[in-house]
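Residue numbers (the UniProt record's numbering), protein chains in the order written: chain A, 1 to 279; chain B, 1 to 296; chain C, 1 to 420.
Simulated from the structure, these hints should not be mistaken for laboratory data. Just so we're clear, the structure is a prediction, and the values are computed from it rather than from any experiment. For glycine and all other residues, C-beta sits at the position ideal for the given N, C-alpha and C. Worth double-checking, as some hints may not be accurate.
To give an idea of the interface, some chain C residues facing chain B are shown, with a C-beta separation under 7 Å as derived from the structure [unchecked claim]:
id, residue
1, 58
2, 61
3, 62
4, 64
5, 386
Calculated Cβ distances over 12 Å to all of chain A for the following chain C residues [to be verified]:
id, residue
6, 32
7, 74
8, 214
9, 293
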Amino acid sequence: MRLGRRLLDAVAVLVALITVFPIYWMVLAAVKPAGEIQSLHQRPWTAAPSLDAFRRVLAVNDFGRYLLNSLVVALVVVAVSGLIAFLAAVALTRFRFRFRTTLLVTFLIAQMVPIEALTIPLFFLVRDVGTVVPGVGLNTLGSLMLVHTAFTLPFAIWMLRGFVGAIPDELDEAAQLDGAGRFTVLWRVLLPLVAPGLAATSVFSFIHAWNDFLFARTFIISEAGNQTLPMALLVFFKPDENDWGAIMAASTLMTLPVLVFFLIVRRRLVAGLGGAVKD
Amino acid sequence: MSRARRASTRAPLWLLLPAAVVLGGLFLYPMYQLGLLSVLDFTQAQVSGGQPTRFVGAENYTRLLGDSRFWEVLLSTVLFAAACVLATLAVGAGLAVLLTRVSRIPRLLLSLAAMAAWAVPAVSGSTTWMFLFDTDLGFVNQLLGIEGFNWMYDRYTAFGLVGAVVVWASFPFVMVTLYAGIEAVPKSVLEAAALDGAGAWRSFWQIMVPILRPVLAIVVIQSVIWDFKVFTQIYIMTRGGGLAGQNLTLNVYAYQQAFASSEYGRGAAIGVVMTLILLAVTLVYLRALRRSGEQL
Amino acid sequence: MRLRLAAAAALALTITACAPSTSAPAPGATDGGPRTGALKVWLFDEPNRAPKEAVVKEAVTEFTAAHPDTTVDVQYIAVDTRSERFKGAFNDPASAPDVVEYGNTDLPEYATAGGLADLGAVVGNWPEGADLAADAKASATYRGTLLGVPWYLGVRALYYRTDVLAELGLKPPATLAELTSTARAVRAAKPDMFGVAVGGKYTFGALPFVWANGGDITSIDSAPSRAGLTAYTALIAEDNCPPQNCADLTGGKTVELFASGKAAMGILGNFNRAAVDAGAAKGRYAVVPLPGLTAGSIAPAFAGGNNLGIMKNAQRPALAADFLTLLASRKYQARMYDAMGNLPTLKPASAEVVAKDPFVKPFVDTIGAGTRFVPLDPGWGKIDASAVLPTMIEKVATGKATVDEATTEAAKLIDEALTP
C-alpha cells in the first residue's frame, strides 16, 4: 500500500515535470545567449544567462506598446463581459420563464460557431459600424473589445449560472423582506457572493481576448500602434531565419500576465469549476 | 422550487437585455450574414470593385460538396478533433483520479504545473513546441539523436505534434474540473460501497461515473467544441495547413478560402457546414444525456 | 414556372439588399489631402532587410526635412501574407496606407479590386518620369491605366560556389540536364551539402524549367510543362535536396541555404545579392544565367519586379506622390541597387549600374534572352494566394501524387481561376 502510494507520487511528480518542461524551455531559451540558441548541442541549462533577447524585443519592436494594448483589451473584455454575464445569469437562475431552456441551449450553440468563419461578416459589420462610431471601427482597439466581449459572453453566462444558482434563494428573499429594492439585492447581496465565481469566469474571458490573433490580424489593418501581442510575436518569424531567442522572450512576456492572473484566481477557479458543474 | 413563484415578474427582460443586445448584434446578426454570404457570389470584385452581388443559391454549397478536397479536409478535421478529444479526456481523467490518490506535495506540484500549461497562450505554446521540435535546433531531436528529422514533413507526425500541443493546453481544464467533481462526491457514499464489498473498479463505474455524469457532460461538450475549432496551433505550427495542405482543418480552410482567395461566399459556406456539424454532434450528445435522465 | 422565377428574383433582391454593403471605388481626396501628418507606407519585408531599411530611412529623413510637420510610418509586411493585408486595406477605405510596394504579378488583381490610384498625372509631372524604360512602364500598366511606378526589376539566375565547383573539378552547368548532374555530383562528394537549393514553395525557381521545355502556366498539364516539372521535382530528392529538408522551402529559404554555405548552387535573384553577401558564401560565388535545354541557351526567367503605388483610398495622395517619386528617383534607385542589388528601372540609373558593376551582366543577359510573365489576369492573384503551384510541386516532391496527377489537378484550378 505505502509502496503503491510512493509510486503514484512519483508518477504525479514526473507528469508535473513533463508538463512544465516546455514552459521551462521557453524561459530558458529566452535567457540563453544567442550562440547557445543556434547550437546543435542544446543544453537544458545555461551558464551565461542574458537579457539580450528581452532587450531586443522591447526596444526594437515597440513590444511594450503592444503589451499594453493587449492588456487594455483583455481587461475591458473581462469587466464588460463579466458584468453582462452576471446579469444574464441572475435572470436564468432566479427566474423561471418561457424559453429559459431555449436560451440556455442558444448560449451553448453560440459557443459552437466557428469564430474564424464569423470573421468574414464581422469584418464588414465592424467596418460599417466604424463609419458611424469611429471608436470601434477597423484599425481600432475598440473593435477588438467589441467582438471579444461577444465571443466570451456565452461561456461566461454558462459558467456563472452555476455560481449564482449555488447561492440560496433565502438570502435575497431575506434582503427583500428587509426592504431592499431589487437593484440593491443585485449589487449588495448577489454580486459580492458571486465574486469568486466571477473571478473564475474572468480567467476564460481573459485568455480568450489575450490569445486572439485572428481578429487582431484581420481588423488591425494598417495602424501599427494598435497591434496586439500575438501579432507582434509573429513579426519575429522571418522569411529567412527565425530569431528563436526573441520569439521565446516575446512568448515569455506574453505568458507572464496570464500566469499571474491564473495563480491569483487558482483556488477560486478550482472551487468554481466544481460548483459550476453541480447546479 | 421556490423559484417558480416568481414566474410572473418582468425582471428577466432587463437583466437579459445587455446580453441580448451584444449577442444579437455581434453574434446572431453576423451569423445571419454568414448564411447570406454563403448563397452569394461574393468575391473581391464585389467587395471593393463596385460590382453588384449576385444571388447564386446553393452553388457555393454544391461546389463545395462536389470538391474532393473539401471531403479530405472534413475527414481529417473530424479525425483530428476526435483524437484530440479522446486524448484530452483520457489524460485529464486519468490525472484527476491520480490526484485523488497522491500525497499533498505531488498533488500541489501537478496542479500548479497543469495551471501553468493552461495559462500559456496558444501562440506562445505553439512557438515553444515548434522550437522544442525544430529540425536542427530542437532539443527533442538532439535528445533522440535524430537531427534533421522534420516533424512537419509527414502528415501524421505533423498532426501528432499539433495534437500533443492541443492536449497539453486543454487537459488541465478536464483534470481540474473532474478532480473538483470527484472531491465533491460524499466520502460516505464510497465508504458504504466499500462496506458492501464493492471493488475499486466496480465502485468507480457504478458510483463515481453516475454521480460525475453531469460534470463529464460539460467536459465532453467543451472539449468537442474547443478541439473541433483548433485554429491557432494549426495555423502557426504547420504554417497555414502544412505541406501541400496536408494538415488543413476546416476552419483554417475556410479562413484561407475567404481571405487568401477572396472567395468570401465559399468561405462562408464552409463556416455554415462546420457549425451544423458541431451542432449535430452536440445535440446528439445532449439527447443521449437527457435520455439517461440528466437535466440540462 | 414564371411564378417561381419571380419568387426567386424577389428573394435574390431582398437578399442582395441586406448583404454586407459593398464600397464602390470612391475617388480619393481630390484636393490631394492634408500636407502634414503621418504618411503610411507599406514596403515588403525581405530576407536580410537591414540594407533596404537603411536606404529607406535615408529617404524618409530627406522627405521629412523637405516637408515640415510630416512623419513617415513605414511598415514592412510579410510577402506571403501580403494578399490578406492588401485586401483588408481595399475593403476598408479608412485604414488604407498611402504608398505601397507591390509585386508586378499582383497588379491585375489589385487593379480589378479597384484599390490603386491612377498615376498617369503623377508620372507626367515628374521630371524623371520620362526616363522610365517602356517595358518597365508596361509592367505597371493594366488595361491602359498606369497604376504604379516600376521601382526595380528582378530576374533570377544561377548562383554557384566557385570554390566548391573548383575543388570537385566541375564546371558551371551549361544545360539544365548538366545542372542536375552537377548538383548530384556535389551532393555525392559532400553529403553535408545540397547540390542546388530548390524548394516546393519556390514557384519562380520552378517556372524556368517549365518555360525552357516549352510549357507554360496556362497549360501546366501539357507534355512540355510536365517535362519541366519532372526535371525540377527530380531535384527535390535524396541525391540533391532531400524532401525532408526541401519540400516546403520558399524562395527566401533557398537564399538562406545558399548564403549560409549549405548549398553549392541556388536559383537566386539580383535582389538577393545583399543577403548572400551577408552570409558565409560572400566572395566565394559567381553568377551565370540559368541555362536552357541546349548548351548556350538561357532558360526564360520570370520578369519579376516591384512597383510603388498609391492607394486609391490614400488619405494624403499629394504627400504620397512626393514620397513615391523620391523613393523611385534615380538617386534612391541607385542606392537600392548598392544596398540590395535591385535592378533600376530608370534608364540613366540602370546604365550607370551596368557600366560600373559586372555583377549585373548575367541578369541583363537573362533579360536580353527574353523573359516570361504570369498570366495577366485578376485570377492570378487567387492562384497565387491559394498556393496552387506550390501545392502541386509539394505533392510531387513528397510522393503524394505523380507529376501527371498533380498537374491535372492544378490545371483544373488554374482554369477555374482564370475564367472570368
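Hints, one by one, checked against the model:
1. Interface restraint check: residue 58 of chain C against chain B, minimum CB-CB distance 34 Å, threshold 7 Å, status violated.
2. For residue 61 of chain C, the interface hint is violated, the least distance from its beta-carbon to any beta-carbon of chain B being 34 Å, above 7 Å.
3. Interface restraint check for residue 62 of chain C: the shortest CB-CB distance to chain B comes to about 33 Å, outside 7 Å, so the restraint is violated.
4. The restraint placing residue 64 of chain C at the interface with chain B is violated, with a minimum CB-CB distance near 31 Å, outside the 7 Å limit.
5. Of the supplied interface hints, the one on residue 386 of chain C holds, with its beta-carbon coming within about 4 Å of a beta-carbon of chain B, less than 7 Å.
6. Every CB of chain A is more than 12 Å from the CB of residue 32 of chain C (nearest about 20 Å), matching its label as outside the interface.
7. Not every C-beta of chain A lies more than 12 Å from that of residue 74 of chain C, the closest at about 9 Å, which undercuts listing it as non-interface.
8. The Cβ of residue 214 of chain C lies farther than 12 Å from every Cβ of chain A, with a closest approach of about 32 Å, so its non-interface assignment holds.
9. Every Cβ of chain A is farther than 12 Å from the Cβ of residue 293 of chain C; the closest lies at roughly 31 Å, confirming the non-interface assignment.
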